[in-house]
Amino acid sequence: MYDAAGVVLGETLSYCGNFLTDAELATMMEEEIKTKLLQPPGGGTNDRLNPHGQIPFMLVFIHDLPTVSKVTVAPAGAERLLE
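In numbering that gives the first Met the number 0, the protein residues as written are 0 to 82.
Don't read these hints as lab results, they were simulated from the structure.
Result set (EDC-like, lysine to aspartate or glutamate): computed pairs, CA atoms no more than 16 Å apart in a straight line:
| no. | residue 1 | residue 2 |
| --- | --- | --- |
| 1 | Lys33 | Glu23 |
| 2 | Lys35 | Glu23 |
| 3 | Lys35 | Asp21 |
| 4 | Lys33 | Glu10 |
| 5 | Lys69 | Glu10 |
| 6 | Lys69 | Asp2 |
Between beta-carbon pairs, the in silico distance windows are:
| no. | residue 1 | residue 2 | range |
| --- | --- | --- | --- |
| 7 | Ala22 | Arg47 | 28 to 34 Å |
| 8 | Glu10 | Pro55 | 15 to 21 Å |
| 9 | Gln38 | Arg79 | 17 to 23 Å |
| 10 | His51 | Ala73 | 14 to 20 Å |
The beta carbon of each residue, even a glycine, is placed where N, CA and C say it ideally should be.
Whenever a hint applies, use it, and build me the whole structure from the sequences.
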């Protein structure tokens, strides 16, 4: 998140494949939300991704920052699995 001058106001990480329901968002505390979004998803759902495939993700902005003028999303990393 950046202000109008391009100064970074904050940043966060989230693993792809993690989602919270509307009910969870309404009832979970801030730390619970952060903890859930920072857990690598289980069940092997992200083990294989075909070319041009997609894995959805979720970012949660808990506090409204009125000085935010720009938000960007960029991959923080990926691992290639060898067969």
